[in-house]
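Here is what each chain is made of, one letter per residue.
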Amino acid sequence: LRIDGRRATEIRRISCKPSVLSQADGSAYIEQGNTKCLAAVYGPREPRQKSAILHNRANISVGVSFAPFATSERKKWGKSDKRLLEIASFVKQTFEPVIQTSSFPRSQIDIFLQILQFDGGTVQICINATTMALVDAGIPMNDYVCACTAGVIQQVPILAYDDKLMSQDNPVDLNLIEESSNSPEVTVAILAESGKVTLLQSESRLSLKKLQAVAQLAKAGCREICDVMDKALRKNVKDLFGKMEA
Amino acid sequence: MSSTTENNNTKYTTENDQITSKSDEGNSNANKKETKFIVDADSIRRIQPLEYFRHFTDQKIRPNGRVFNRFRKTTLHLGSVTTADGSAVVRIGNTSVVCGIKAEVAEPNVNTPREGYLVPNVELSPMCSPNFKPGPPSELAQVLSETVNKLLKSSSVLSLESLCIEEGKAVWVLYCDVVCINYDGNILDASVYAVVSALSNVRLPKITYADGIVKATPDKTIELSLSRIPFSATFAIFNGEILADPDETEEVILEERITIICDEEGQLCSVLKSGGSSSTRETFSTCLELARNRYSVLSTIFKEASTSANTN
Chain A
29 LRIDGRRATE IRRISCKPSV LSQADGSAYI EQGNTKCLAA VYGPREPRQK SAILHNRANI
89 SVGVSFAPFA TSERKKWGKS DKRLLEIASF VKQTFEPVIQ TSSFPRSQID IFLQILQFDG
149 GTVQICINAT TMALVDAGIP MNDYVCACTA GVIQQVPILA YDDKLMSQDN PVDLNLIEES
209 SNSPEVTVAI LAESGKVTLL QSESRLSLKK LQAVAQLAKA GCREICDVMD KALRKNVKDL
269 FGKMEA
Chain B
46 MSSTTENNNT KYTTENDQIT SKSDEGNSNA NKKETKFIVD ADSIRRIQPL EYFRHFTDQK
106 IRPNGRVFNR FRKTTLHLGS VTTADGSAVV RIGNTSVVCG IKAEVAEPNV NTPREGYLVP
166 NVELSPMCSP NFKPGPPSEL AQVLSETVNK LLKSSSVLSL ESLCIEEGKA VWVLYCDVVC
226 INYDGNILDA SVYAVVSALS NVRLPKITYA DGIVKATPDK TIELSLSRIP FSATFAIFNG
286 EILADPDETE EVILEERITI ICDEEGQLCS VLKSGGSSST RETFSTCLEL ARNRYSVLST
346 IFKEASTSAN TN
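Listed in order, the protein sequences are those of chains A and B.
At position 229 of the first sequence the residue is numbered 257 (the working numbering), and the sequence of numbers has no breaks.
At position 208 of the second sequence the residue is numbered 253 (the working numbering), and the sequence of numbers has no breaks.
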């Protein structure tokens, strides 16, 4: 069992809701355990800068921000914080091949992500929230993109639970304490229908033998998350139709 | 009344203020073209917004269907952000803000060795409205931050001396960060409500000071003692009519605004009037009356939210 009582292959409690903002063209709110993320999509719309205009497809711009009270230590994140820019660039690279940008040349699609509470798993929750917000905005995509993180917990003297944690057990969906414990972790984003991997990100040392197992585990976690998101989106559309008929 | 003129085989007729044109080349149906130019409500709304608005206010109603003195549905949730020491999520209609308060320890100012700090900040990100661009805080965000700051100071919501840990050495700093999630007008009311409610939700640890080291207990139980609970009510003035709680479309065209902030005894904390021309004393009296009514509504919501947050 892990610190929060989950088994190795269990993802955190996830709840998601699309269409939460009235001003944005598409929006979604996702909670994965204690991490809360809000995504807003504006577009396709007129690009703000002439330099951003692409003649044959839409320009995608992603902005990530953390609320100052989101982390346990208050931090006022600057707009060009390297970590935020890195997360934004991951999200942009993940979605660029998936969104059908050639349908909207010379326009801009803006994706804004706001983390209201942080307990690990930024890249994955940003990707999941973006998928839902893009679907809510009605922007055509090739497939759902779902992301999940998996890792390997080595024996760390501080943790009192390391007897229970076998190094063979590869935990899925790491929370903040597990992320900060310097253990290797891999974030995987897959296309739901085809199972193809659009993002594989890892910053730690991981043996090649373990990589296959860890990535498989992450993919399984992705599928679970995808089911939850799909249900929420379908329910939302059903409710809208119900209101229209009434 | 209709009249026709002939011009190059095309007949123009005006009927009932609609201008229509017909071209008559032979009797073939395929050549008959009818183009109508109609000025509809939506066009008038864009070309002459104030005229459009006046059509509604003459009938004592607003384009969004609200009567003049009606505020939008308001909800409040306390304590939803667990990483913050106190938090509040406020929704007034579609305007949504989240306020999170973080407490830190700092050295007090030399001139005021017993006073802590209360630092509010309002953030309007490009996510909340298409009108906000990414970049440094806009003028509106800075004005809001300063307004909330002045309000908290002038209405003595919280005695800064109650934030003292050790005179001259350590005091609490309360950072009140308001993040706007969705902007649909009246952000000032929402921000004030969020900050004051979040302050009531703050739970601090018991703190001891010894030899330059500040120690805190792991559990957080100490509440702040708020001396006053001010809530605000904003009104827009149009043609002498008082419109409560303007939403974003109304804010854009109505420049004249009055904000009244009062406390639980109906005493005034602050009055702000900006834009437009001069307002009469009756207008202010009516606004104050409406603000007091609004206060009791907000107070009920606040009490309910507090009890449900305490039982969780």
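Derived from the structure by calculation, the hints contain no laboratory data.
One or more hints might be untrue.
Dumping the calculated EDC-like pairs for lysine to aspartate or glutamate here, alpha-carbon to alpha-carbon at most 16 Å [to be verified]: (1) A/Lys103 / B/Asp256; (2) B/Lys251 / B/Glu327; (3) A/Lys107 / B/Glu168.
Non-contacting residues of chain A with respect to chain B, defined by C-beta distances greater than 10 Å in every case (computed) [to be verified]: (4) Ile31; (5) Val48; (6) Ser50; (7) Ala68; (8) Leu82; (9) Arg102; (10) Ser117; (11) Asp147; (12) Leu227.
All values derive from a computational prediction rather than experimental measurement.
Every residue, glycine too, gets a C-beta built ideally from N, C-alpha and C.
Now for the hints, and whether the structure bears them out:
no.	hint	result
1	A/Lys103 / B/Asp256	violated, 27 Å
2	B/Lys251 / B/Glu327	violated, 50 Å
3	A/Lys107 / B/Glu168	holds, 12 Å
4	Ile31	holds, 16 Å
5	Val48	violated, 8 Å
6	Ser50	violated, 4 Å
7	Ala68	violated, 4 Å
8	Leu82	holds, 19 Å
9	Arg102	violated, 4 Å
10	Ser117	holds, 15 Å
11	Asp147	violated, 8 Å
12	Leu227	holds, 23 Å
When held up to the earlier numbered hints, the structure conflicts with 1, 2, 5, 6, 7, 9 and 11 and fits the remainder.
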